[in-house]
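> For the protein sequence lines, the chains are X and D, in the order given.
For what it's worth, the working numbering labels the leading residue of the first sequence as 50, then goes sequentially.
For what it's worth, the working numbering labels the leading residue of the second sequence as 50, then goes sequentially.
Careful: at least some of the hints might be erroneous.
Since the list gives no way to pick out one identical chain from another, each pair is judged satisfied if it fits inside one copy or across any two copies.
[Said to hold, decoys possible] 30 angstroms max Cα-Cα, derived DSS-like pairs, lysine-lysine: (1) 60 to 189; (2) 296 to 189; (3) 162 to 324; (4) 296 to 107; (5) 189 to 491; (6) 257 to 189.
Derived from the structure by calculation, the hints contain no laboratory data.
Number of protein chains: 2
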Amino acid sequence: MMSQVATSYIKENRQEYINELIEFLRIPSISSISDHKGDVRDAANWTVEALKTAGMQKAEIMETPGHPVVYGEWTSADNDHTVLIYGHYDVQPVDPVELWDSPPFEPIVHEEKLFARGASDDKGQTFMHVKAVQALLATKGSLPFNVKFLIEGEEEIGSPSLDEFVQSNEQLLSADVLLISDTPMLGKGRPAVCKGLRGMCSLQIDVKGAKGDLHSGLYGGAVQNSVHALVQLLDTLRDEDGRIQVKGFYDDVIEPTEEERASYAQLGDFESELKEELHLNELFGEKGYTAREHTWVRPTLEINGIYGGFQGEGVKTVIPSEAHAKITCRLVPGQDPDVIIQQIEEHLQSHTPPGVTLTTTRYDQGKPFLAPTDHPAFKTATDAYEAVYGTPAVFTRMGGSIPVVETFDQVLNIPILLMGFGLPSENFHAPNEHFHLENFDKGMETLIYFWETLQFEK
Amino acid sequence: MMSQVATSYIKENRQEYINELIEFLRIPSISSISDHKGDVRDAANWTVEALKTAGMQKAEIMETPGHPVVYGEWTSADNDHTVLIYGHYDVQPVDPVELWDSPPFEPIVHEEKLFARGASDDKGQTFMHVKAVQALLATKGSLPFNVKFLIEGEEEIGSPSLDEFVQSNEQLLSADVLLISDTPMLGKGRPAVCKGLRGMCSLQIDVKGAKGDLHSGLYGGAVQNSVHALVQLLDTLRDEDGRIQVKGFYDDVIEPTEEERASYAQLGDFESELKEELHLNELFGEKGYTAREHTWVRPTLEINGIYGGFQGEGVKTVIPSEAHAKITCRLVPGQDPDVIIQQIEEHLQSHTPPGVTLTTTRYDQGKPFLAPTDHPAFKTATDAYEAVYGTPAVFTRMGGSIPVVETFDQVLNIPILLMGFGLPSENFHAPNEHFHLENFDKGMETLIYFWETLQFEK
Numbered sequence: 050m051m052s053q054v055a056t057s058y059i060k061e062n063r064q065e066y067i068n069e070l071i072e073f074l075r076i077p078s079i080s081s082i083s084d085h086k087g088d089v090r091d092a093a094n095w096t097v098e099a100l101k102t103a104g105m106q107k108a109e110i111m112e113t114p115g116h117p118v119v120y121g122e123w124t125s126a127d128n129d130h131t132v133l134i135y136g137h138y139d140v141q142p143v144d145p146v147e148l149w150d151s152p153p154f155e156p157i158v159h160e161e162k163l164f165a166r167g168a169s170d171d172k173g174q175t176f177m178h179v180k181a182v183q184a185l186l187a188t189k190g191s192l193p194f195n196v197k198f199l200i201e202g203e204e205e206i207g208s209p210s211l212d213e214f215v216q217s218n219e220q221l222l223s224a225d226v227l228l229i230s231d232t233p234m235l236g237k238g239r240p241a242v243c244k245g246l247r248g249m250c251s252l253q254i255d256v257k258g259a260k261g262d263l264h265s266g267l268y269g270g271a272v273q274n275s276v277h278a279l280v281q282l283l284d285t286l287r288d289e290d291g292r293i294q295v296k297g298f299y300d301d302v303i304e305p306t307e308e309e310r311a312s313y314a315q316l317g318d319f320e321s322e323l324k325e326e327l328h329l330n331e332l333f334g335e336k337g338y339t340a341r342e343h344t345w346v347r348p349t350l351e352i353n354g355i356y357g358g359f360q361g362e363g364v365k366t367v368i369p370s371e372a373h374a375k376i377t378c379r380l381v382p383g384q385d386p387d388v389i390i391q392q393i394e395e396h397l398q399s400h401t402p403p404g405v406t407l408t409t410t411r412y413d414q415g416k417p418f419l420a421p422t423d424h425p426a427f428k429t430a431t432d433a434y435e436a437v438y439g440t441p442a443v444f445t446r447m448g449g450s451i452p453v454v455e456t457f458d459q460v461l462n463i464p465i466l467l468m469g470f471g472l473p474s475e476n477f478h479a480p481n482e483h484f485h486l487e488n489f490d491k492g493m494e495t496l497i498y499f500w501e502t503l504q505f506e507k
Numbered sequence: 050m051m052s053q054v055a056t057s058y059i060k061e062n063r064q065e066y067i068n069e070l071i072e073f074l075r076i077p078s079i080s081s082i083s084d085h086k087g088d089v090r091d092a093a094n095w096t097v098e099a100l101k102t103a104g105m106q107k108a109e110i111m112e113t114p115g116h117p118v119v120y121g122e123w124t125s126a127d128n129d130h131t132v133l134i135y136g137h138y139d140v141q142p143v144d145p146v147e148l149w150d151s152p153p154f155e156p157i158v159h160e161e162k163l164f165a166r167g168a169s170d171d172k173g174q175t176f177m178h179v180k181a182v183q184a185l186l187a188t189k190g191s192l193p194f195n196v197k198f199l200i201e202g203e204e205e206i207g208s209p210s211l212d213e214f215v216q217s218n219e220q221l222l223s224a225d226v227l228l229i230s231d232t233p234m235l236g237k238g239r240p241a242v243c244k245g246l247r248g249m250c251s252l253q254i255d256v257k258g259a260k261g262d263l264h265s266g267l268y269g270g271a272v273q274n275s276v277h278a279l280v281q282l283l284d285t286l287r288d289e290d291g292r293i294q295v296k297g298f299y300d301d302v303i304e305p306t307e308e309e310r311a312s313y314a315q316l317g318d319f320e321s322e323l324k325e326e327l328h329l330n331e332l333f334g335e336k337g338y339t340a341r342e343h344t345w346v347r348p349t350l351e352i353n354g355i356y357g358g359f360q361g362e363g364v365k366t367v368i369p370s371e372a373h374a375k376i377t378c379r380l381v382p383g384q385d386p387d388v389i390i391q392q393i394e395e396h397l398q399s400h401t402p403p404g405v406t407l408t409t410t411r412y413d414q415g416k417p418f419l420a421p422t423d424h425p426a427f428k429t430a431t432d433a434y435e436a437v438y439g440t441p442a443v444f445t446r447m448g449g450s451i452p453v454v455e456t457f458d459q460v461l462n463i464p465i466l467l468m469g470f471g472l473p474s475e476n477f478h479a480p481n482e483h484f485h486l487e488n489f490d491k492g493m494e495t496l497i498y499f500w501e502t503l504q505f506e507k
């Protein structure tokens, strides 16, 4: 059972916390835009101060080749157990800024929602952890376990410095459990712990024919057209139902259990939700799986972009010499990105039409992640949600990838709890990002409950 | 037999003619660039003066909604027969200008080739007709038939004003035969009369899925990807050998006779020539036809451009909402562009994959052309070539389209002789365009021979 003291403290200081968060959100810490480099550092410094205010015994900037990492810790617990908390203080760009109803870095509260870039992803959620810990320390004088904060400034650009940072600071970051709040709830009032993420691999495909673009009158019919060739090649990757035709692609997939599939089936009508949200009359996907399963437990291969030949207004009677495509796969547990990308390259090589040459270039990849939900901390987390939200938290997966989670898993080898408090409708990465203050309040309560009920086996 | 008088006149005045042509070529009459509008008019005025110098009784600018047409005539022949000559005084743009070895509008003669934009296409060839007529008039005091010149300034932008001009001036342009020198010879020393041109039709294809680009992690697997859908759709248009799969596409094609095919087979090894020119290891085309037949007598459907989704550096994990392609067909005698474009639209509609909507937009189209080579003027033309070049002229076709030829055919209903003097290697529309002076000299001789031997039946 949760004591009411820390929770009361949170409630008393609510307006002040919101004001502080607004201050945090005013800093335009866009990690992808070099003009904002100073702002990113300002946000790091602000985070250091917030950790000190919360009662951390140590809080400092740690340099990386890119934007700095903020590290903080309180290590005076009466035991050796440690909770590590990961978050990020950088935000996405704001373009197209004209689609925002209020300026992205001038936070406002409207109908109990806080509107600003980063409100939900991830300044708001990171700040909740800081304040939950602060409430516990302020009201009890100590925490039940040690705490470490790792708050980075490059999450929105793919965490390029963090792999190396985690590997070099394995000792510093050692802990028993890792908490991350950067995934969505299932919906309003529907808490979820995300237990799986998809991995990724990606490839650029370049096809080249004649030495240059050709006049379609003078040469048309006698030479290969690179765009036709690319179209023919790409069309071999997928069948008409969306099943990937690359040999071996599904071989290592770990199928979800019937229990897991049954639990997802009870989550509601995702198909209708999707169609409405995306303005679609029909969905499309591999036969034998639901839309939720398509996005959570099945691997994909998507063409992300294609280009070649004339793209201007009207027509130009040209036979394009070159054609290009970009593809990415989302991978599920069991699949190894190195193996999959190799299979795809072999498929492309063996299906290249005559008259063109093929080049492929690998880009980012990351392994899929599946959490060990039999660890007791998972039960603690779902119980905490249920205590506060009044409804059981469900285990979900997410179709996206958070490559750093896989790094934490590999290097730290501890249970990772993805306890999100954002809603899918909160426009992460889009105009009018916002955060429901209901989840700001309940989220802090949930975290306090989690801290107070967490137990480690002897 | 040809008299030597006019030919000697040509030879005596050769250097002066070249100097005049250089003056013509100095005018940057690029019809597609509005900044050159004044230059285009300067070239029209220059042409009027050249026609007056040649002895035309009338030579004037005639306005159109676009660049002006130059009209000239001499109508004092002792009979009612008239030769109409069509050419154009406008030129293509010069980009990329840095690839020119000498400035495009500062003509120079190098190794008996005249380098300048328009040298071959079509100022040089148009000028030859003017000078051939001048030589006849200057040395004989009259021409065997009346002559009319129609020299336009919009050929390189698709002759947008000429259809209307020809239709409105049917009486003014009435003639017994039309001469055009704007097609290539077969090669050096290999004269050709082009008897067929391919027609054209063109279509923009737009595919749209969800309301916007989607995150490939959150949605990937459950919704149609517009680029995949477009790829799948476009791949239905052609089989692996390049044969078009649109129902009815080949139904109305008038196959060339065995004699015609045999004559093309004797023209030499076009396959090797093409591979070398285009830096290709292999050609590609419909089975059962040679490369020359692919480009001259077979219809095509080419994707001229494709675009959709992310085209920048690296990868972006997006499911594109829209995808676009542009296609054009080259059509051969028998095929009607209206019918073909309709068949293609129906094919696309019936093959559109689920989860996307299709829109098509028609662009330019033009009918194919096949000359009535049994008209005696064709024999006169090939004899004229043979007399000067010492080798028989062959009938060829051209894979490209000159839509105005079809208009002349429809409106004037007279034989059209495409007697070209350019070489395929002379870089029309490309950097370092040039004109072999050998063909400037022999071309004028050929035209004089043609004028002197042409006969019309009673």
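> If you test the structure against every hint from before, which numbers come out violated?
2, 4 and 6
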